[in-house]
Amino acid sequence: MTAAAPTHPGFAAARQVADALLFEGYVLYPYRASAAKNRLRWQFGVLVPPGWGADSGEHDFQSTQLLMEPRRGATLFVRLRFLHVRRRTVQRLRPGGRFETVPALELEDRVLTPWDEGVEEQVEVAVPAEELAGAGRSLPFDRPAREETEAVHDADGRTVGRLVHRRERVTGLLRLSADPLAGPDAAVRLTARVENTGGLPPGGPAARREDVLPRSLVAAHLLLGLDAGAFLSAADPPEWARAAAAQCENLHTWPVLAGPSGGADVVLSSPIVVEDHPAVAPESPGALYDATEIDEILALRTAALTDEEKRQARGTDARAAAVIDLADSMPPEVLERLHGAVRSLREVTAADRATEADRAAPADRPGTGSGPGVPSAPDTPWWDPAADRDVDPVRDRVLVDGRPVGAGSRVLLRPGPRRTDAQDLFLHGRSARVEAVLHDVDGGVHLAVTVEGDPGTDLRREQGRFWYFQPDEVAPLEDA
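Using our numbering, count along the sequence shown one by one with no gaps and you end on 488.
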């Protein structure tokens with residue numbers, strides 16, 4: 009068993025999701041090292057050296073257990089992936105050829121600052137499944153300490169400084185074993201354990217987290233593959249395997265079937281819980297490295313950064329610079345794809361249309377459905393406010409505290425905890441102007457508003473993007 013083992017072909021299909029997990033939260037909007045949210049780095053899958061962080065919530069190992077059914081002669085392929093922290097310092101060239109460490113080095117197109125970069129590491133192994141019985145196999149791995157320098161040039165090609173990249177030594181152990189299940193089936197319980205076996209930095213157990221990270225396995229996760237046989241879903245195993253699957257113990261990681269839906273020969277074991285066969289949205293134009301990222305919002309906000317903010321982001325990290333370039337060069341048709349996609353609606357069949365036609369409209373309204381806004385033609389939107397004579401977002405009024413409120417009314421925003429998110433709370437106590445009164449298909453009423461004093465109000469009106477509150481979340485600011 010060697011680190012230069014062949015790989016499973018199915019790993020390529022799972023790579024995009026695995027990369028998203030590897031770099032989740034790597035650098036957050038606004039993509040500058042100086043931003044507060046980018047000063048506490050790496051929250052998922054951090055395996056620290058043993059003896060540190062007893063009260064930190066971080067661990068020195070992760071353990072995956074799941075069921076698999078290898079056929080005779082099957083080979084198990086394993087790929088461990090993690091980030092190795094590379095600490096960057098910035099130095100300016102002084103007269104006489106001397107380099108001096110500085111907090112920042114300003115160039116025409118970017119501002120270079122100290123930063124912790126993540127270098128992708130991987131350990132691969134292939135082992136016959138029958139050799140995993142009993143004690144199984146163990147594979148130690150070692151990534152030595154190293155230092156690299158990178159010259160920094162100005163726009164004229166002159167050397168003005170350098171970047172010094174330092175990596176600490178990282179060592180670990182990958183343990184693989186399998187135990188047969190009781191019964192006539194050929195299923196076995198596979199255990200894959202990843203351990204950090206490295207030493208602590210100066211300061212020992214009391215060392216700061218920022219000093220421990222360069223000796224840690226960051227965002228550690230596994231790809232497992234079988235060339236003959238199948239894995240069983242940990243979330244939805246077949247009935248006969250439910251009891252055995254429930255006894256599997258997964259610590260600090262969670263295994264899911266990966267690759268195209270329907271396949272069962274590849275598993276991704278991730279520190280972030282995802283569902284079987286996870287996939288990156290096809291509309292996503294690139295990695296934005298932001299937890300719970302919303303591509304459209306991030307792309308728009310990134311494009312709106314000032315030139316100085318973009319210079320700082322470009323100097324933070326090569327991946328951050330790629331995000332800035334992506335937002336600046338995104339064509340309108342790509343941005344439009346991010347505005348929304350529906351994937352869960354089934355195709356409307358001829359039988360469905362016939363059933364709908366059976367719901368005859370009243371005789372005095374031929375050609376319409378059984379209620380307001382219900383179309384008769386299958387290519388007509390299923391509900392169109394403009395075609396519903398019973399509603400008019402501009403003219404409608406709703407009573408709030410006994411006073412009619414509609415388009416043009418001024419209101420005080422007072423969102424409550426019942427259905428409010430964090431962004432709404434920031435608007436508590438602000439005055440706003442109602443732009444429309446909207447009715448949903450469930451009978452609910454919503455007020456579309458623009459916040460007074462918001463410099464983006466005209467743009468919001470033009471694009472039809474408003475804040476939405478229910479009537480009990482506002483108070484009138486003017487007489488009826």
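To be clear, the hints were calculated from the coordinates, so they are not data collected in a lab. Cβ atoms here follow ideal geometry from the backbone N, Cα and C, with glycine treated the same way. Heads up, some of the hints might be wrong.
[To be verified] Ranges between beta-carbon positions, derived for each pair:
no., residue 1, residue 2, range
1, T465, T167, 36 to 42 Å
2, L485, F434, 15 to 21 Å
3, R177, T157, 52 to 58 Å
4, L433, P213, 21 to 27 Å
5, F434, E470, 22 to 28 Å
6, T465, R166, 18 to 24 Å
7, E344, A214, 27 to 33 Å
8, P463, T167, 26 to 32 Å
9, G270, T15, 39 to 45 Å
10, G270, A43, 16 to 22 Å
[What the hints assert, rightly or not] Subject to a maximum C-alpha distance of 25 Å in a straight line, what follows is the list of computed SDA-like cross-link-like pairs (lysine to any residue):
no., residue 1, residue 2
11, K45, V25
12, K45, R79
13, K45, G142
14, K45, V281
15, K45, A243
16, K45, L29
Hint check:
no.	hint	result
1	T465 / T167: 36 to 42 Å	violated, 49 Å
2	L485 / F434: 15 to 21 Å	holds, 19 Å
3	R177 / T157: 52 to 58 Å	violated, 19 Å
4	L433 / P213: 21 to 27 Å	violated, 39 Å
5	F434 / E470: 22 to 28 Å	holds, 23 Å
6	T465 / R166: 18 to 24 Å	violated, 47 Å
7	E344 / A214: 27 to 33 Å	violated, 53 Å
8	P463 / T167: 26 to 32 Å	violated, 43 Å
9	G270 / T15: 39 to 45 Å	violated, 22 Å
10	G270 / A43: 16 to 22 Å	violated, 42 Å
11	K45 / V25	holds, 24 Å
12	K45 / R79	violated, 48 Å
13	K45 / G142	violated, 46 Å
14	K45 / V281	holds, 22 Å
15	K45 / A243	violated, 33 Å
16	K45 / L29	holds, 18 Å
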